[in-house]
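*Asks:* Here's the letter readout for the chains.
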Amino acid sequence: DGGITQSPKYLFRKEGQNVTLSCEQNLNHDAMYWYRQDPGQGLRLIYYSQIVNDFQKGDIAEGYSVSREKKESFPLTVTSAQKNPTAFYLCASSNGQGLTPLHFGNGTRLTVT
Amino acid sequence: AQSVTQLGSHVSVSEGALVLLRCNYSSSVPPYLFWYVQYPNQGLQLLLKYTSAATLVKGINGFEAEFKKSETSFHLTKPSAHMSDAAEYFCAVSDEDSNYQLIWGAGTKLIIKP
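Protein sequences appear in the order of chains B and L.
Using our numbering, you'd call the opening residue of the first sequence number 6 and step up by one each time.
Using our numbering, you'd call the opening residue of the second sequence number 92 and step up by one each time.
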């Protein structure tokens, strides 16, 4: 079955360390997205990519970085510059922008202490 | 600027009762509207979407939503709640002004009482 795989499901890091969250899709989708979810808030867009080797900042890109070297993969690095990195991170993909629905992975819960 | 307001961070209904989750949006151009559902510790999945066709949209799991332009609303309903409906529900809007990026509501957690 096609889908989006995020790994790991739970991730623990010490403050000051960079950490990379994995996102892989086999849906052959062009567009991929990273969202951050905090309790009581909606999803906030971190970065998105509509094509390989290109990506754009979302609303809260500071302290994060991404790469899109392959269509299937869109890893997110949470750097030590991110002031409050503990959150639930969701990766999504779609086969175009606009009206096409997003397909989501099951998320990675990052805890930084 | 576009925005989405979901009234009530938590809604509690009895099993078998009507489910009503409220969503109001602001958009200066024709919007596209979505409802997504999130089960605990999982990603989101699409329930239904409005894309300027019929104003009453039917989705999965017996849910439906009605687009009311005059009220700028897109409330989600289900006639009879099941225990399996317990989840968090998110309303989202996109339009040309947002370059079709989704703007999300804060979510409503639906609690089903036995």
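If you are wondering where the hints come from, they were derived from the structure by calculation, not from laboratory data.
Honestly, I wouldn't trust all of these hints.
[Said to hold, decoys possible] A few chain B residues facing chain L, derived, Cβ under 10 Å:
id, residue
1, Gly63
2, Thr91
3, Phe93
4, Gly112
[Unchecked claim] In silico DSSO-like links for lysine-lysine, alpha-carbon gap of 30 Å or less:
id, chain 1, residue 1, chain 2, residue 2
5, L, Lys159, B, Lys14
6, L, Lys140, B, Lys62
7, L, Lys140, B, Lys88
8, L, Lys140, B, Lys76
9, L, Lys160, B, Lys14
[Said to hold, decoys possible] Just the calculated beta-carbon pair ranges, DEER-fashion:
id, chain 1, residue 1, chain 2, residue 2, range
10, L, Glu187, B, Thr25, 31 to 37 Å
11, L, Ser117, B, Lys19, 39 to 45 Å
12, B, Gln22, L, Pro205, 43 to 49 Å
13, B, Ala66, L, Asn152, 32 to 38 Å
Here a beta-carbon is modelled for each residue, glycine too, at the ideal position from N, C-alpha and C.
*Asks:* Hint by hint, say whether it matches the structure.
*Replies:* Quick rundown of the hints versus the structure:
1. Gly63: With a closest approach of 8 Å, the B/Gly63 hint holds.
2. Thr91: violated, 15 Å
3. Phe93: holds, 8 Å
4. Gly112: holds, 6 Å
5. L/Lys159 to B/Lys14: With a Cα-Cα distance of about 39 Å, the restraint between L/Lys159 and B/Lys14 is violated, given a limit of 30 Å.
6. L/Lys140 to B/Lys62: Holds, because 26 Å separates the two Cα atoms, which is no more than 30 Å.
7. L/Lys140 to B/Lys88: Given pair L/Lys140, B/Lys88 is violated - Cα atoms ~35 Å apart, limit 30 Å.
8. L/Lys140 to B/Lys76: holds, 26 Å
9. L/Lys160 to B/Lys14: Judged against 30 Å, a Cα distance of about 40 Å means the pair is violated.
10. L/Glu187 to B/Thr25: 31 to 37 Å: holds, 35 Å
11. L/Ser117 to B/Lys19: 39 to 45 Å: With a Cβ separation near 42 Å, L/Ser117 and B/Lys19 satisfy 39 to 45 Å, so the hint holds.
12. B/Gln22 to L/Pro205: 43 to 49 Å: holds, 45 Å
13. B/Ala66 to L/Asn152: 32 to 38 Å: Holds - the Cβ-Cβ distance for B/Ala66 and L/Asn152, about 35 Å, lies within 32 to 38 Å.
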